[in-house]
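Peer 1: Below are the chains, spelled out letter by letter.
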Amino acid sequence: MTKELLEIKNLKTYFFTDEGTVRAVDGVDLELNKGETLGIVGESGSGKSMMSLSIMGLIPNPPGKIVDGQINFKDKNLCKISKSEYRRIRGNEISMIFQEPMTSLNPVFTIGKQIMEVYKHHQGLSKAEAKEKTIEMLKLVGISMPERRIHEYPNQLSGGMRQRVMIAMALACNPELLIADEPTTALDVTIQAQILKLMDDLKHKLNTSIILITHNLGVVAQTADKIIVMYAGKVMEYSDTKSIFKNPKHPYTEGLLDSIPKIDKPVDRLSAIPGTVPSSNDFPTGCSFYPRCKYAMEICKEKGPDLIKLEDDVQVRCWKYIEEKTFVSKDHHSEKV
Amino acid sequence: MDQQVIKRFLKRKVSVFGGLIIIMFILTAIFGPLVAPYDPLQQNLANSYKGISSDHLLGTDNLGRDTLSRLIYGARISLGISLASIGLALIIGVSLGVTAGYYGGRVDNLIMRFVDILLAFPGILLAIAIVAILGNGLVNTMIAVAIFSVPDFARIVRSSVISLKETEFIEACRAAGASDIRIITKHIIPNSLSPLIVQATLMLGTAILIASGLSFLGLGVQPPNPEWGAMLSQGRELLRSSPLVAIAPGAAITFVVLSFSLVGDGLRDALDPKLKN
Amino acid sequence: MEKTILEVKNAKKYFPMKKGLLFNSSENVKAVDDISFTIQEGETFGIVGESGCGKSTTGRMILRLIEPTEGEIIYKGENILDLPKDKMQKLRREMQIIFQDPYSSLDPRFTIGKTIGEVLDIHKIAKGKEKRERIIQLLEAVGLGAQHFNRYPHEFSGGQRQRIGIARALALNPSLLICDEPVSALDVSVQAQIVNLMQDLQKEFQLTYLFISHDLSVVHHICDRIAVMYIGKIVETADKKTLFEKPAHPYTRALLSAIPVTDPEVATTNEVLEGDIPSPANPPTGCRFHTRCKFATEICRKVEPELKDIGDGQLVACHLYE
Numbered sequence: 000m001t002k003e004l005l006e007i008k009n010l011k012t013y014f015f016t017d018e019g020t021v022r023a024v025d026g027v028d029l030e031l032n033k034g035e036t037l038g039i040v041g042e043s044g045s046g047k048s049m050m051s052l053s054i055m056g057l058i059p060n061p062p063g064k065i066v067d068g069q070i071n072f073k074d075k076n077l078c079k080i081s082k083s084e085y086r087r088i089r090g091n092e093i094s095m096i097f098q099e100p101m102t103s104l105n106p107v108f109t110i111g112k113q114i115m116e117v118y119k120h121h122q123g124l125s126k127a128e129a130k131e132k133t134i135e136m137l138k139l140v141g142i143s144m145p146e147r148r149i150h151e152y153p154n155q156l157s158g159g160m161r162q163r164v165m166i167a168m169a170l171a172c173n174p175e176l177l178i179a180d181e182p183t184t185a186l187d188v189t190i191q192a193q194i195l196k197l198m199d200d201l202k203h204k205l206n207t208s209i210i211l212i213t214h215n216l217g218v219v220a221q222t223a224d225k226i227i228v229m230y231a232g233k234v235m236e237y238s239d240t241k242s243i244f245k246n247p248k249h250p251y252t253e254g255l256l257d258s259i260p261k262i263d264k265p266v267d268r269l270s271a272i273p274g275t276v277p278s279s280n281d282f283p284t285g286c287s288f289y290p291r292c293k294y295a296m297e298i299c300k301e302k303g304p305d306l307i308k309l310e311d312d313v314q315v316r317c318w319k320y321i322e323e324k325t326f327v328s329k330d331h332h333s334e335k336v
Numbered sequence: 000m001d002q003q004v005i006k007r008f009l010k011r012k013v014s015v016f017g018g019l020i021i022i023m024f025i026l027t028a029i030f031g032p033l034v035a036p037y038d039p040l041q042q043n044l045a046n047s048y049k050g051i052s053s054d055h056l057l058g059t060d061n062l063g064r065d066t067l068s069r070l071i072y073g074a075r076i077s078l079g080i081s082l083a084s085i086g087l088a089l090i091i092g093v094s095l096g097v098t099a100g101y102y103g104g105r106v107d108n109l110i111m112r113f114v115d116i117l118l119a120f121p122g123i124l125l126a127i128a129i130v131a132i133l134g135n136g137l138v139n140t141m142i143a144v145a146i147f148s149v150p151d152f153a154r155i156v157r158s159s160v161i162s163l164k165e166t167e168f169i170e171a172c173r174a175a176g177a178s179d180i181r182i183i184t185k186h187i188i189p190n191s192l193s194p195l196i197v198q199a200t201l202m203l204g205t206a207i208l209i210a211s212g213l214s215f216l217g218l219g220v221q222p223p224n225p226e227w228g229a230m231l232s233q234g235r236e237l238l239r240s241s242p243l244v245a246i247a248p249g250a251a252i253t254f255v256v257l258s259f260s261l262v263g264d265g266l267r268d269a270l271d272p273k274l275k276n
Numbered sequence: 000m001e002k003t004i005l006e007v008k009n010a011k012k013y014f015p016m017k018k019g020l021l022f023n024s025s026e027n028v029k030a031v032d033d034i035s036f037t038i039q040e041g042e043t044f045g046i047v048g049e050s051g052c053g054k055s056t057t058g059r060m061i062l063r064l065i066e067p068t069e070g071e072i073i074y075k076g077e078n079i080l081d082l083p084k085d086k087m088q089k090l091r092r093e094m095q096i097i098f099q100d101p102y103s104s105l106d107p108r109f110t111i112g113k114t115i116g117e118v119l120d121i122h123k124i125a126k127g128k129e130k131r132e133r134i135i136q137l138l139e140a141v142g143l144g145a146q147h148f149n150r151y152p153h154e155f156s157g158g159q160r161q162r163i164g165i166a167r168a169l170a171l172n173p174s175l176l177i178c179d180e181p182v183s184a185l186d187v188s189v190q191a192q193i194v195n196l197m198q199d200l201q202k203e204f205q206l207t208y209l210f211i212s213h214d215l216s217v218v219h220h221i222c223d224r225i226a227v228m229y230i231g232k233i234v235e236t237a238d239k240k241t242l243f244e245k246p247a248h249p250y251t252r253a254l255l256s257a258i259p260v261t262d263p264e265v266a267t268t269n270e271v272l273e274g275d276i277p278s279p280a281n282p283p284t285g286c287r288f289h290t291r292c293k294f295a296t297e298i299c300r301k302v303e304p305e306l307k308d309i310g311d312g313q314l315v316a317c318h319l320y321e
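Protein chains in written order, with numbering that gives the first Met the number 0: chain Y, 0 to 336; chain Z, 0 to 276; chain W, 0 to 321.
Don't take every hint at face value.
Said to hold, decoys possible - If you anchor each label on the Cβ, the simulated ranges turn out as follows:
1) W:E66 x Z:S158: 21 to 27 Å
2) W:Q205 x Y:K33: 58 to 64 Å
3) W:K123 x Z:R105: 47 to 53 Å
4) W:D311 x Z:S158: 38 to 44 Å
Please keep in mind that the hints were generated in silico from the structure rather than gathered at the bench. Quantities reported herein were computed from a predicted structural model and do not represent experimental measurements. A virtual CB, placed ideally from N, CA and C, is assigned to each residue, including glycine.
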């Protein structure tokens with residue numbers, strides 16, 4: 000039986016700005032088991048990055064604030080713990096890697112020193128032990144000649160190398176949860192393939208749970224066990240990876256998948272989702288996707304639907320399914336599953 | 000967008016206060032002759048060394064001239080010098096900066112080394128040297144202050160030109176066949192305006208300070224013209240008998256310079272909210 | 000009969016590298032190193048490659064936004080590098096460019112009408128009412144309208160800005176459009192709109208596209224013929240079908256297998272390419288790909304392979320095909 004590592008209930012992270020309240024994350028629930036990879040897919044303004052910062056306790060306050068909800072990590076509600084406790088968890092039990100590794104590495108220290116620091120600080124190792132561990136870790140993330148590399152500065156490394164160093168640093172304390180926010184977006188395709196493969200290998204080796212945040216459906220297709228599709232701060236669909244790609248339920252997921260050109264299934268014309276991603280301080284009322292939805296009904300404009308469970312592992316937030324269900328039950332037809 | 004700038008600026012109360020003081024001084028300078036109770040140059044030995052009275056709100060000096068009137072006329076000269084010299088410095092500095100940044104290479108090297116030389120001198124020393132060469136007087140003071148301010152503007156403009164030059168909208172203009180003049184005047188200068196406005200505001204205060212300094216040393220505006228620095232210099236000798244003659248222009252300089260500084264800071268925050276945090 | 004609209008012949012662009020305080024070293028970054036290709040009228044020619052391969056430099060050289068160090072750029076039979084200023088100015092109407100970043104490609108201080116109008120002013124195409132009508136016509140062609148005329152760029156989303164950028168490029172009625180990663184910076188759900196728009200416009204205005212991208216799926220969708228670049232060199236050119244069905248160069252194959260597939264059940268063939276992309280400032284000797292190529296032999300390390308026709312118009316620069 001797998002055990003839940005992370006459980007988020009009704010998380011709401013709002014930003015209070017001059018232009019009004021931005022509901023960056025608006026009532027998100029999710030569960031993550033040990034050793035699982037969860038993909039969070041969304042476009043700009045979907046709240047996917049704010050999700051990760053909320054878990055890390057790194058929401059800039061002011062203007063941001065977690066206004067409601069729980070983040071239960073191993074029986075602890077992270078929303079309730081003290082700053083010093085958070086600092087101990089961050090980097091130790093939960094680590095994070097970012098899109099642009101250059102901004103998260105300190106340019107004036109060698110990479111060896113930066114990783115060793117993690118060991119010394121979090122695990123209280125001596126200098127020699129830390130160095131040994133660092134070299135081991137760099138080897139693990141596929142950096143050749145780590146004994147030499149530890150003396151190099153971040154600017155001497157290529158983008159892919161830096162991302163490997165970031166991963167090494169994030170994994171240094173053997174965290175139980177790794178949050179990767181667009182880890183490959185800034186990289187070239189051949190390097191992206193390397194990093195994704197590395198993350199997958201490491202997951203099997205270290206049994207780390209991973210939250211992989213991305214805008215690229217292709218990136219999560221091969222790596223994630225479950226996927227959350229976010230739009231305008233809300234979870235639109237929550238499903239296991241296979242079902243979501245084979246049989247997307249939410250019109251948005253369907254639209255996203257259809258709009259990507261596929262080499263094996265060429266079409267003359269892509270089926271695009273009309274309209275634009277709503278800006279974060281101006282989400283539509285009702286279902287936030289209805290202005291762009293081809294199935295939009297009267298009710299979608301007025302009221303936002305709840306996330307409902309369709310199958311065991313499939314949840315969707317769409318009136319289409321709610322309507323169907325009520326219709327079915329009203330007419331006493333045999334219950335569809 | 001500009002409305003938001005104003006909104007952000009109004010939120011900083013100190014800067015608004017500074018702005019009000021400056022506006023007050025400017026109005027005084029413009030309407031000086033209508034407001035001033037006396038002719039600032041009119042001597043009246045019978046009335047010398049007077050303290051505060053209803054006839055002379057700030058007293059009189061050793062020659063019986065009304066200090067308040069001199070202060071009001073002095074505002075015209077001091078603010079005038081500052082505005083004129085910063086205006087001149089802007090024209091020269093922006094042209095130098097744009098040329099250096101836009102064309103790069105050898106031109107850039109030449110201009111910027113010249114600017115570096117100017118920067119190598121301490122401000123007041125440079126101004127003194129220029130006045131020493133050109134001779135003293137109102138216009139030469141302006142020129143000295145202007146030259147002193149050129150390097151700052153040139154550097155600011157150059158750095159924003161260099162970053163703007165690479166942006167895609169400038170490339171788009173070049174691809175459409177726009178001339179350099181059009182690109183510079185229509186796109187580059189308007190887009191580097193915000194840091195320039197901030198710097199110019201801050202420099203207006205400094206300019207007053209430098210000009211007063213020169214006059215105080217006897218190198219700038221010559222007595223009996225009521226420039227604040229010159230007044231201060233003259234008041235120094237009267238500190239015991241009528242201290243107001245020195246205190247009044249000193250306070251005026253302090254207030255105006257401080258106000259320009261506050262407004263400049265406020266503008267910086269308002270124009271570039273990213274700089275905060 | 001197909002007509003050649005553009006021919007790039009042995010084009011090179013070396014950027015001098017600044018090293019040291021006093022002396023400029025004679026070393027160069029060879030951003031584009033001797034490439035040649037032709038584009039036929041009405042087709043979409045793709046250039047694919049990763050960062051530092053010189054694809055964007057190539058696009059800008061064609062427009063003379065960057066002057067080539069060497070080589071010829073022949074547009075409709077004329078080498079544009081020899082053209083005097085006034086003739087070049089006229090030629091600019093024929094070729095335009097669409098940029099990657101919709102945020103930096105529009106002047107934030109210009110309204111949309113002014114942005115597009117400026118192009119018309121430069122070439123003195125229209126004035127007053129006529130100019131306004133033409134601008135609105137262009138806005139409508141890209142799916143916007145007269146109501147957007149007086150708005151500023153910051154009021155638009157990324158996709159809409161890209162539409163504005165396209166409208167500006169179309170204002171001069173060009174024949175050739177250089178599209179430099181036009182959809183890479185856009186949200187996924189908006190990319191398809193812009194791709195569709197570009198295809199519609201191509202038909203409507205008989206445009207020829209040079210489509211520069213790192214995204215093979217988009218290139219596959221939109222292009223007729225494709226050149227693959229790697230550190231300043233073209234390693235393979237072929238029509239779309241050939242390139243995707245039987246890629247010849249090992250690098251092309253690696254690129255193809257690195258595309259993330261949106262199907263979890265497809266077993267990842269992932270021939271993951273080892274190593275990093277070498278810096279164009281210091282490219283490997285011989286074949287530039289040999290440091291990452293699993294087929295590399297002695298000759299690859301020493302001799303630079305030439306582009307050779309291996310049939311069906313497929314050109315490959317690789318010693319495996321000799």
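Peer 1: Could you run down the list of hints and mark each one as holding or not?
Peer 2: Each hint tested on the structure:
Look at E66 of chain W against S158 of chain Z: about 25 Å separates their beta carbons, and that is inside 21 to 27 Å. For the pair Q205 of chain W and K33 of chain Y, the supplied restraint of 58 to 64 Å holds, since their beta-carbon distance comes to about 59 Å. Checked against the hint of 47 to 53 Å, the C-beta distance between K123 of chain W and R105 of chain Z comes to roughly 34 Å, which is inconsistent with it. Between D311 of chain W and S158 of chain Z the Cβ separation comes to about 53 Å, which falls outside the hinted range of 38 to 44 Å.
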